[in-house]
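Hey, can you work out the whole structure from these sequences and the hints?
2 protein chains.
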Amino acid sequence: MSALENISARPSFASFAPPSRTLMGPGPSDLAPRTLAALARPTIGHLDPAFVSMMDELKELLRYAFQTTNALTFPVSGPGSVGMETCFDNLVEPGDTVIVCRNGVFGGRMIENVQRAGGIAVIVDDTWGEPVDPQKVEDAFKANPQAKLLAFVHAETSTGARSDAQALAAIARRFGALTIVDAVTSLAGCELRVDDWGLDAVYSGSQKCLSCTPGLSPVTFSPAALARIQARKSKVQSWFMDLNLVLDYWNSAKRTYHHTAPINSLYGLHESLVQLAEEGIENAWARHARLHRMLRAGFEAMDLAFVVAEPWRLPQLNTVHIPADVNDADLRRQLLTDFNLEIGAGLGPLAGKVWRFGLMGHSCREGNILLCLEALATALTRQGRPADADAAFAAARRALAD
Amino acid sequence: MSALENISARPSFASFAPPSRTLMGPGPSDLAPRTLAALARPTIGHLDPAFVSMMDELKELLRYAFQTTNALTFPVSGPGSVGMETCFDNLVEPGDTVIVCRNGVFGGRMIENVQRAGGIAVIVDDTWGEPVDPQKVEDAFKANPQAKLLAFVHAETSTGARSDAQALAAIARRFGALTIVDAVTSLAGCELRVDDWGLDAVYSGSQKCLSCTPGLSPVTFSPAALARIQARKSKVQSWFMDLNLVLDYWNSAKRTYHHTAPINSLYGLHESLVQLAEEGIENAWARHARLHRMLRAGFEAMDLAFVVAEPWRLPQLNTVHIPADVNDADLRRQLLTDFNLEIGAGLGPLAGKVWRFGLMGHSCREGNILLCLEALATALTRQGRPADADAAFAAARRALAD
Numbered sequence: 001m002s003a004l005e006n007i008s009a010r011p012s013f014a015s016f017a018p019p020s021r022t023l024m025g026p027g028p029s030d031l032a033p034r035t036l037a038a039l040a041r042p043t044i045g046h047l048d049p050a051f052v053s054m055m056d057e058l059k060e061l062l063r064y065a066f067q068t069t070n071a072l073t074f075p076v077s078g079p080g081s082v083g084m085e086t087c088f089d090n091l092v093e094p095g096d097t098v099i100v101c102r103n104g105v106f107g108g109r110m111i112e113n114v115q116r117a118g119g120i121a122v123i124v125d126d127t128w129g130e131p132v133d134p135q136k137v138e139d140a141f142k143a144n145p146q147a148k149l150l151a152f153v154h155a156e157t158s159t160g161a162r163s164d165a166q167a168l169a170a171i172a173r174r175f176g177a178l179t180i181v182d183a184v185t186s187l188a189g190c191e192l193r194v195d196d197w198g199l200d201a202v203y204s205g206s207q208k209c210l211s212c213t214p215g216l217s218p219v220t221f222s223p224a225a226l227a228r229i230q231a232r233k234s235k236v237q238s239w240f241m242d243l244n245l246v247l248d249y250w251n252s253a254k255r256t257y258h259h260t261a262p263i264n265s266l267y268g269l270h271e272s273l274v275q276l277a278e279e280g281i282e283n284a285w286a287r288h289a290r291l292h293r294m295l296r297a298g299f300e301a302m303d304l305a306f307v308v309a310e311p312w313r314l315p316q317l318n319t320v321h322i323p324a325d326v327n328d329a330d331l332r333r334q335l336l337t338d339f340n341l342e343i344g345a346g347l348g349p350l351a352g353k354v355w356r357f358g359l360m361g362h363s364c365r366e367g368n369i370l371l372c373l374e375a376l377a378t379a380l381t382r383q384g385r386p387a388d389a390d391a392a393f394a395a396a397r398r399a400l401a402d
Numbered sequence: 001m002s003a004l005e006n007i008s009a010r011p012s013f014a015s016f017a018p019p020s021r022t023l024m025g026p027g028p029s030d031l032a033p034r035t036l037a038a039l040a041r042p043t044i045g046h047l048d049p050a051f052v053s054m055m056d057e058l059k060e061l062l063r064y065a066f067q068t069t070n071a072l073t074f075p076v077s078g079p080g081s082v083g084m085e086t087c088f089d090n091l092v093e094p095g096d097t098v099i100v101c102r103n104g105v106f107g108g109r110m111i112e113n114v115q116r117a118g119g120i121a122v123i124v125d126d127t128w129g130e131p132v133d134p135q136k137v138e139d140a141f142k143a144n145p146q147a148k149l150l151a152f153v154h155a156e157t158s159t160g161a162r163s164d165a166q167a168l169a170a171i172a173r174r175f176g177a178l179t180i181v182d183a184v185t186s187l188a189g190c191e192l193r194v195d196d197w198g199l200d201a202v203y204s205g206s207q208k209c210l211s212c213t214p215g216l217s218p219v220t221f222s223p224a225a226l227a228r229i230q231a232r233k234s235k236v237q238s239w240f241m242d243l244n245l246v247l248d249y250w251n252s253a254k255r256t257y258h259h260t261a262p263i264n265s266l267y268g269l270h271e272s273l274v275q276l277a278e279e280g281i282e283n284a285w286a287r288h289a290r291l292h293r294m295l296r297a298g299f300e301a302m303d304l305a306f307v308v309a310e311p312w313r314l315p316q317l318n319t320v321h322i323p324a325d326v327n328d329a330d331l332r333r334q335l336l337t338d339f340n341l342e343i344g345a346g347l348g349p350l351a352g353k354v355w356r357f358g359l360m361g362h363s364c365r366e367g368n369i370l371l372c373l374e375a376l377a378t379a380l381t382r383q384g385r386p387a388d389a390d391a392a393f394a395a396a397r398r399a400l401a402d
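From first to last, the protein sequence lines stand for chains A and B. Take the first sequence: its letter number 193 is residue 193 in UniProt numbering, and every next letter is one higher. Take the second sequence: its letter number 26 is residue 26 in UniProt numbering, and every next letter is one higher.
Treat each hint with caution, since some may be false.
The list makes no distinction among identical chains, and a pair is therefore deemed to hold if it is satisfied within one copy or across any two copies.
Dumping the calculated SDA-like pairs for lysine to any residue here, alpha-carbon to alpha-carbon at most 20 Å [stated by the list, open to error]: (1) Lys254 with Lys353; (2) Lys254 with Asp328; (3) Lys148 with Arg228; (4) Lys233 with Arg116; (5) Lys59 with Ala224.
Derived from the structure by calculation, the hints contain no laboratory data.
Listed below in structure tokens is the structure:
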């Protein structure tokens with residue numbers, strides 16, 4: 001028997017042929033055919049002059065998406081959680097006090113990030129499904145005037161609630177603190193103006209309203225955030241995320257090798273952003289708002305209740321209460337099996353209690369909404385909770401016409 | 001003037017059309033057409049049952065590539081440097097002594113990783129281009145019996161030198177230490193037997209001899225390494241890299257959401273590994289060795305001298321001295337411009353002194369070698385250092401026939 005046979009038989013698997021789903025969960029969203037095609041373009045080197053030119057375009061396209069002139073704007077080579085950690089690891093020094101707002105899962109992750117970076121988190125809690133309360137943030141600053149940072153989630157992916165990023169950043173500024181903002185779900189799906197609102201470190205993800213493949217995290221840092229990073233007393237604890245090193249690759253004429261960039265995923269992100277620029281960012285925001293109204297009308301016609309109240313409801317992430325006596329897992333399995341439709345389950349304390357319907361980027365289309373209403377009405381009716389698809393369609397169409 | 005115009009004009013860029021290069025640098029290597037095609041398959045959710053089945057196949061395929069039965073074998077969702085940091089952040093606790101071997105750039109990065117994780121690095125230096133000296137490692141353990149880890153690079157991408165991973169791991173075992181091994185360039189390009197050699201934590205990259213797109217880092221951990229991670233006294237400093245959390249997604253029946261996996265890149269990795277299994281890992285090692293002999297014969301016919309002596313020369317990464325009076329940057333630019341051929345520059349102290357020719361994965365093909373010899377002979381001759389392409393071809397063909 002050879003060593004090979006001892007260790008592990010030679011596996012014999014076929015190429016993977018994924019089913020063709022419609023993605024209406026909290027991300028990934030559907031990729032446009034143009035974006036999928038871009039992923040398959042021939043790989044070139046990460047220091048190739050042609051690639052470097054594309055990097056420059058990418059940065060300009062991201063500045064447009066974020067509505068910023070920040071020089072330090074680029075996609076981190078990792079999922080959104082790496083973008084998050086990049087912000088915290090670079091801006092938090094051991095012993096720093098950080099006010100962290102928690103009104104869902106992702107605010108909780110921010111606390112973990114602060115603590116692992118050696119910071120002290122002062123937690124401002126709000127009910128899941130509600131926005132962050134600016135008054136509580138103001139009180140937290142008054143009680144902790146030494147706080148150097150305010151961290152909050154602009155669009156809570158676990159609940160579908162938007163918070164008032166502009167108001168929160170204004171409070172931080174009054175107390176001399178910088179802001180770290182999670183814009184994973186908000187970027188390109190609803191109004192986000194990094195410069196006008198004075199946000200300092202903002203991270204997002206490629207797989208939500210940008211409708212690119214997951215694995216990239218666009219970030220942007222204000223000049224004040226950059227100055228603080230450059231004035232750090234202690235080394236950033238992560239070598240990979242240390243912006244003082246990454247900058248030599250993404251933001252200097254030298255293009256010093258730091259790590260091998262995820263070339264093909266970056267082709268995809270470039271193509272997503274080119275499409276966003278073609279549509280226009282304000283038109284993209286308006287499309288999400290308009291189609292949210294369509295989905296909402298259909299849901300209301302089926303007596304589905306939203307978790308988040310207006311005006312804090314995110315158009316791109318619609319969270320509804322699961323009706324009584326409906327089996328969550330069974331229903332989602334039916335949608336997937338019978339309609340190839342993916343929707344999102346609840347997270348944390350909301351598990352089993354809510355569904356999350358994403359209308360993100362290329363997934364935010366009329367056809368997807370009609371499929372969703374049809375599939376949901378069918379599955380609910382099968383579970384003994386009759387839902388009227390005709391009424392839902394009619395309501396949805398009327399909402400679109402308004 | 002609208003806010004949009006104030007901030008940033010709407011960019012107007014075309015889709016990116018990369019040139020079609022032949023990649024013979026230190027990675028990325030050429031992707032096979034099958035692998036490129038896999039990247040463009042429709043994105044599905046990271047918790048989709050179809051995706052979860054593919055993850056299981058991926059793990060089995062990676063175990064085969066690593067020649068291991070380690071349960072904890074999966075691709076980290078980030079470039080090789082994230083795989084590296086995942087190993088160090090999980091295995092090093094503050095105050096731990098780690099013996100780190102440095103015979104090139106990537107050993108140096110290991111030192112950075114140890115220190116940023118709060119460890120104490122005992123450095124064993126060897127000349128760049130030479131393998132790690134086992135005697136020095138033995139001496140370092142004798143002088144530092146408290147050392148808990150030995151870290152070394154199996155295949156130094158900056159020099160093209162292989163080290164004797166089996167012998168080094170045996171020393172560590174005798175002193176009760178675990179090993180962290182950089183196999184970024186070695187995996188699938190030359191013999192690597194994780195179980196037979198007793199390696200504990202091994203990380204690699206997707207873009208070298210696996211010929212997938214960059215951005216994924218296959219890792220494998222022995223049961224002893226896993227036990228040490230689970231017995232840690234302190235929290236892993238990175239939330240994203242904390243294996244105690246990642247495991248719930250990659251290695252448990254629950255498949256708890258941790259982060260959104262880079263779906264399409266993972267399609268590509270699966271396809272690369274299916275091709276590797278079809279060829280057979282030992283056949284892949286043999287192909288790299290055989291075509292290295294072909295390239296070497298051609299280079300020797302052109303009087304190009306290798307940096308690394310046999311038997312430590314890596315077949316998949318061929319480093320040669322730049323001949324006197326040849327302009328490094330000009331020549332590489334000519335190769336890229338006139339032949340669409342990318343080769344690698346020297347790194348660190350070897351910058352301007354060596355070229356690195358990768359023969360990795362799908363790039364390790366006869367046609368690439370012939371193009372490389374032709375291009376190099378032409379460019380050298382243009383720079384006033386005549387090189388005989390005919391002689392090089394003849395020598396290369398003879399080497400292949402032997």
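We went through each hint and held it up to the structure:
| no. | hint | result |
| --- | --- | --- |
| 1 | Lys254 with Lys353 | between (52 Å within a copy, 19 Å between copies) |
| 2 | Lys254 with Asp328 | between (54 Å within a copy, 16 Å between copies) |
| 3 | Lys148 with Arg228 | within (10 Å within a copy, 36 Å between copies) |
| 4 | Lys233 with Arg116 | both (17 Å within a copy, 14 Å between copies) |
| 5 | Lys59 with Ala224 | within (19 Å within a copy, 44 Å between copies) |
Every hint from the earlier list agrees with this structure, and none is contradicted.
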